[in-house]
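*Asks:* The task is simple: from the sequences and hints, build the whole structure.
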Amino acid sequence: MSREIIHQTAAEMSAELASGNVTAVELANAHFDRISAVDGDIHAFLHLDREGALAQAASVDASRKAGEKVNPLAGVPLALKDVLTQKGVPTTCGSKMLEGWRPPYDSTVVTNLKKAGVVILGKTNMDEFAMGSSTENSAYGTTRNPWDLSRIPGGSGGGSSAALAGFEAPLAIGTDTGGSIRQPAAVTGTVGVKPTYGSVSRYGLVAFSSSLDQAGPCARTVLDTAMLHEVIAGYDPKDSTSINAPVGKMVEAAKKLDVKGMKIGVVKELAGDGYQAGVTTRFNGALEALLSAGAEIVEVSAPSFEYALAAYYLIAPSEASSNLARFDSMRYGIRIGDDGSRSAEEVMKMTREVGFGKEVKRRIILGTYALSSGYYDAYYGSAQKVRTLIKRDYEAAFAKVDVLVSPTCPTTAFKIGEKSDDPVAMYLNDVCTIPVNLAGIGGMSLPCGLAPEDGLPVGFQIMSPAMKDELMYQVGGTLEAALQSSWGQPLYASAPTLAVK
Amino acid sequence: MALNYDQALEKYEPTLGLEVHVELNTNSKMFCGCATEFGASPNTQTCPVCLGLPGSLPVVNAKAIESSIRIGLALNCSITPFSRFARKNYFYPDMPKNFQTSQYDEPICVNGYLDVTIDTDEGPKVYRVDIERVHMEEDTGKSLHVGGATGRIHGAEHSLLDYNRAGIPLVEIVTRIIPGTDKYAPEVARAYVAELRDILRSLGVSDVKMEQGSLRCDANLSISPRNSGTLGTRSETKNVNSLRSVERAVRGEIIRQANRLESGERIIQETRHFQEESGETRSGRSKETAEDYRYFPEPDLLPIVADPAWVEELRVALPVKPSIRRKKLQEAWGVPDKEMAAMINAELLDTVEETVALGAEPTKARSWWLGEVSRLANEKSVEPTSLIQPSEIAEIIALIAAGELTDKLARQVVEGVINGEGNPSMVIEKRGLKVVSDDSSLMVAIEAAIASQPETAEKVRSGNIPAAGALIGAVMKATGGQADAAKVRELLLKHLGQA
Ligand SMILES: [Zn+2]
Chain X
11 MSREIIHQTA AEMSAELASG NVTAVELANA HFDRISAVDG DIHAFLHLDR EGALAQAASV
71 DASRKAGEKV NPLAGVPLAL KDVLTQKGVP TTCGSKMLEG WRPPYDSTVV TNLKKAGVVI
131 LGKTNMDEFA MGSSTENSAY GTTRNPWDLS RIPGGSGGGS SAALAGFEAP LAIGTDTGGS
191 IRQPAAVTGT VGVKPTYGSV SRYGLVAFSS SLDQAGPCAR TVLDTAMLHE VIAGYDPKDS
251 TSINAPVGKM VEAAKKLDVK GMKIGVVKEL AGDGYQAGVT TRFNGALEAL LSAGAEIVEV
311 SAPSFEYALA AYYLIAPSEA SSNLARFDSM RYGIRIGDDG SRSAEEVMKM TREVGFGKEV
371 KRRIILGTYA LSSGYYDAYY GSAQKVRTLI KRDYEAAFAK VDVLVSPTCP TTAFKIGEKS
431 DDPVAMYLND VCTIPVNLAG IGGMSLPCGL APEDGLPVGF QIMSPAMKDE LMYQVGGTLE
491 AALQSSWGQP LYASAPTLAV K
Chain L
2 MALNYDQALE KYEPTLGLEV HVELNTNSKM FCGCATEFGA SPNTQTCPVC LGLPGSLPVV
62 NAKAIESSIR IGLALNCSIT PFSRFARKNY FYPDMPKNFQ TSQYDEPICV NGYLDVTIDT
122 DEGPKVYRVD IERVHMEEDT GKSLHVGGAT GRIHGAEHSL LDYNRAGIPL VEIVTRIIPG
182 TDKYAPEVAR AYVAELRDIL RSLGVSDVKM EQGSLRCDAN LSISPRNSGT LGTRSETKNV
242 NSLRSVERAV RGEIIRQANR LESGERIIQE TRHFQEESGE TRSGRSKETA EDYRYFPEPD
302 LLPIVADPAW VEELRVALPV KPSIRRKKLQ EAWGVPDKEM AAMINAELLD TVEETVALGA
362 EPTKARSWWL GEVSRLANEK SVEPTSLIQP SEIAEIIALI AAGELTDKLA RQVVEGVING
422 EGNPSMVIEK RGLKVVSDDS SLMVAIEAAI ASQPETAEKV RSGNIPAAGA LIGAVMKATG
482 GQADAAKVRE LLLKHLGQA
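As given, the protein sequences belong to chains X and L, one line each in that order. One rule links them: number in our numbering = place in the first sequence (from 1) + 10. One rule links them: number in our numbering = place in the second sequence (from 1) + 1.
These are computed hints drawn from the structure, not numbers from a lab. None of these values were measured; they are calculated from a predicted model. Where is the CB? At the ideal position from N, CA and C, for every residue including glycine. Careful: at least some of the hints might be erroneous.
Stated by the list, open to error - So, partial list: chain L residues that the calculated Cβ filter (under 10 Å) puts toward chain X:
(1) 29
(2) 36
(3) 38
(4) 39
(5) 52
(6) 88
(7) 100
(8) 128
(9) 144
(10) 145
(11) 147
(12) 291
(13) 293
(14) 294
(15) 298
(16) 311
*Replies:* Here is the structure:
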C-alpha cells in the first residue's frame, strides 16, 4: 500500500507533529477523510465529534507553536469506545436505552486524554453495554472486520479495534470485562491491553460488571499502546477501587527489546481441543521467537481455569443485573409509554422491554436469578470461591515465572451471524481472556501472524502479575520486534487497503 | 363492641421492636461531595454520583463512618473490625440507581444496648433495650405527587422527583424484640426514642429533628393471646414524626390489631402509615410476599476496616451519657424530681441548661421556659425554642433581678421578642417598658410636678406629708406608670426636705 500519514504509528505521528511536518488539524482531517471513505463499510463509529476534535487539535497546534511543552501524544487522534462518558458528546453504550443521552461530565479517562492533548475523533461501536464478543449485539448495527468485511471485528470493543485496523485512528480506548479489549485486538491484528484492575480509573465508564471492568489502551503497536497507557492510567480519588501507586514505566519497558533470562510460562489448560490449528501454529511460532530472543519457556498448570468461564457468567451477569437497574427512563435515556395513563412502574417496564436488546436481557435475567435468595450461595457465592482459586493459581504460577502466555482466543475472526444464535459458543470465545479479569491482573494481546488456513490475524496473549504491567510491555515489545523482522513489515501493513468508494 | 386499650391488653400481649433512621449532619452526602442542607430548591444539591448517572462511582464519606462508630460506641455496641457495604436491589422512581447502597450481613456496629426508665404503677422501672445492629446507608430522593385529591401516588396526575435528599447519610439503629414491655409498650417505645435522640444530640452527629425527618422511627408491633407462647404477625408503622406520635402509634396499633383478631380477621404483614390527626395507622405496602432484595457486596467500594486504636480514641472522647448528665444537672440545680421530669418531658432540658449557663437562676429559667414561653408556643403550635433564644430569656431574667423589669413588664418583653420586634433591649426601648428607677430621669418628672403644683409642694415642705400624694400621682402619670411608686415617694420627700 502507498504509505500515507494515516498508516503511520502513533509514535511516528507524534514525531511528525513535533517536527512541524504536519499539524494536529491536518492529522485530524486526514483521519476524518479516511473515516468518510471507509466507515460506510466498516461502521466502526457511532458518532463523530468533528467540532470538538478540530478545536482540540487547533489548541494543541497553538501550544506547540508557542513552544509549550506538550505530551508526546498531543495532537494524535483517538477513537473512544462509546461506553466512556465525554461531556456533551452522545454516549449510548451501543444501546437504544441511551439514545440521545449526552453526559454532563467527563470520565476520568477522557479528562486524562484531554489533558494530554489527545484528539478524540468520536465514539466507537460496541456490543450493547459491552456484552458480547462480536459487536453483533449493538443496537446500531454490526461493525465489520477490515481484514474481511464478512467477519466480526471482535467484541465488545469491535468498533475500536476495527477503527485501528482500518486506519481510521492510530489509537483507541477499549474496556475489558472478560476480554473485550484483547479479543477484538486478536481478531483484527492490533494490540490491546487490559491493565491491572484499579490502575485506570473506572469513573465515567458505564458499568457492566464493576469488579471486572477495566479500561485500557489499544493501538497498532506495542509502543503506541504503552504511550497511551501512561496517559490514561493513574490514581483517581473518584474511584474507590483505584490503586494509589505511581504509574509504571510502560514506554521504557516497550522499548527494552530484551527478554534474556526472563521466564515465560505457557498455560497448559489454554490449549488443545477447540483451538484452531493455525492459532496453535502461530502461537508456537511466537514461542520460538521468544526462545530465540533468550527467554526461558516453561509449561505451567492452572487447574482452576477450567471453572473460569462458568464463574464469570455468574459474577458478571449478577453485577450487571444491579448496575443496569438504573436505566428506568426516569432521569435520562429513552422513555416509552408515558402517555399520561400509565404509572411510573409501567413506564419503567415498557422502557426496559424496548430499550434493552436480547443479550442484555438474557444476562439481567441470569444475574437476577443468581443473586436470588436461596440461590445466592450456590451461584454467586460459589463463583466468588472459584475466583479466589483462580487468583491462587496465578499467584502460584507467578512465583515460578515472570509472565504467562496463551493464545488470546481459540479461533480467528468468525463470520458475522455464525454464532449469534448460540450464546454458549459465543461465550467460549473468551475462555483464554476471562481468567485475567477474574484475578484482576494485566493482560495484553498482540498479533503473532496470520493463520495459514484463512489468512486472518492470530492473537498472542501475555499475562503479567498485578501492578507489573511493564512486564507484558517488555515481552510484547520484544516479541513484536522479533516477528516483524521475520515478516519484513508489521502485520497491519498487510491488511486490505479497503477500496475507497 | 370495640375493645379499648385496657381491654385489648387484658387479652393480648404486645411484642415491640424499633428501627430508627438517623440522618447524619455531615456537610456532604454519603458517597459524593454534594451539600446536605435541608430545604434547598429541588435538585440543586445533586451531581452525577447521587443522581446515579451512568458511569458515576461512590466514594465513602469518612466523617459518616466516624459518626456511625461513635453512635455504636454510645450504644454499647461492638465495632466490627471489618464491615462492608452491600447493594439492596429494588425499583423505585426516587431511588436513582434502583439499588440502595446499604449494609447487610456485615454492619459496622453490633450487639449493643440502651437502658431507658419509665414511670410505672410501681414506680420508675428500667428497661434494657438490646440493639441488634447499627448500620450505614444512603437516603432516597423524595417524590411529590401532584394533582388528585390525596397527594398520594394513587390518583395523582403526575409526580415530581427531588433528589436533594438522595445520598444523604443515614444510620439505621435496629433493636431486638424488647421483652416484657406489656402494657407499657407505648411508653417504652417513646422513652427509647427520646433517650436515643438525647444520645445522638449529645454526640452532635445529627439534627435529630423528627418533624423534619432527620430522625425517623419505624415501630414493629405484633400481639399474641396472653400466655400463648406464640408470636403474632407484625406490622411496621412508619411516618411517626414526634415522640408523642411514637407512643400514640404503638398504642393505636395494639388496639387495631386486637380488634381485628377479635372480629376474626387476621393481621396482614404490611407497612402502615401513622396518621397524625386521628392517631390511627393506615395500610401501606404489603409485605406478605417477602421482597427479595438480592443483596450482594457493593463492588464499587472497599470494605471498611476500623483501626482499633482509632475506635479506642473515639470511645475515650465520647461525651457524658445524657442520663448521667441529667443526674448531675438535677443535683447542681437542686430541683425536685417532678420539675426535672417536667423539663425532660417538655424537651426543654437543654434549653434550660443553656439559659442557666448564661447566668440565669435555674428555677427562674425553668419557670419561664415551661410557663410563659411554653404557653405561647402551645397557642401557636410550635416549639418553644423556635420563638425565643435562651440568651434572650437569660437577659430578661437578669433585668428582673436588677429590678429593671417587673414580671408583668417582662411578659410584655417576651411577647415583643416573639412578635419579631427585636431582642429584649430593643423591645424595651421601642415599647418604653423599662421600670423607671433611674434617679435622674425620675427627678426630671418630680421637678416638673413641683413646678406645675407649687402650692402643693409648699404644703409638703411645711410638713403636710399626705399632700405629697398628688405630686406622686403626677409623676406616675408622667412616667406612664412605669416608675416604682415607693422610689418616687422617697425621692420627692427627700427633695422637699422631708426625709
Ligand atoms: Zn451528589
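*Asks:* Does each hint fit the structure? Answer for all of them.
*Replies:* Each hint tested on the structure:
1. 29: Given a least distance of 14 Å, the restraint on residue 29 (chain L) is violated.
2. 36: violated, 18 Å
3. 38: violated, 22 Å
4. 39: violated, 23 Å
5. 52: holds, 6 Å
6. 88: holds, 5 Å
7. 100: holds, 5 Å
8. 128: violated, 34 Å
9. 144: Holds. Min distance 9 Å.
10. 145: Violated, about 13 Å.
11. 147: With a closest approach of 13 Å, the residue 147 (chain L) hint is violated.
12. 291: Hint on residue 291 (chain L): holds, closest Cβ of chain X at ~8 Å, below 10 Å.
13. 293: holds, 5 Å
14. 294: holds, 8 Å
15. 298: Residue 298 (chain L) check passes; min Cβ-Cβ to chain X is 9 Å, inside 10 Å.
16. 311: Constraint on residue 311 (chain L) not satisfied, violated at 19 Å.
Hint violations for this structure: numbers 1, 2, 3, 4, 8, 10, 11 and 16, all remaining hints satisfied.
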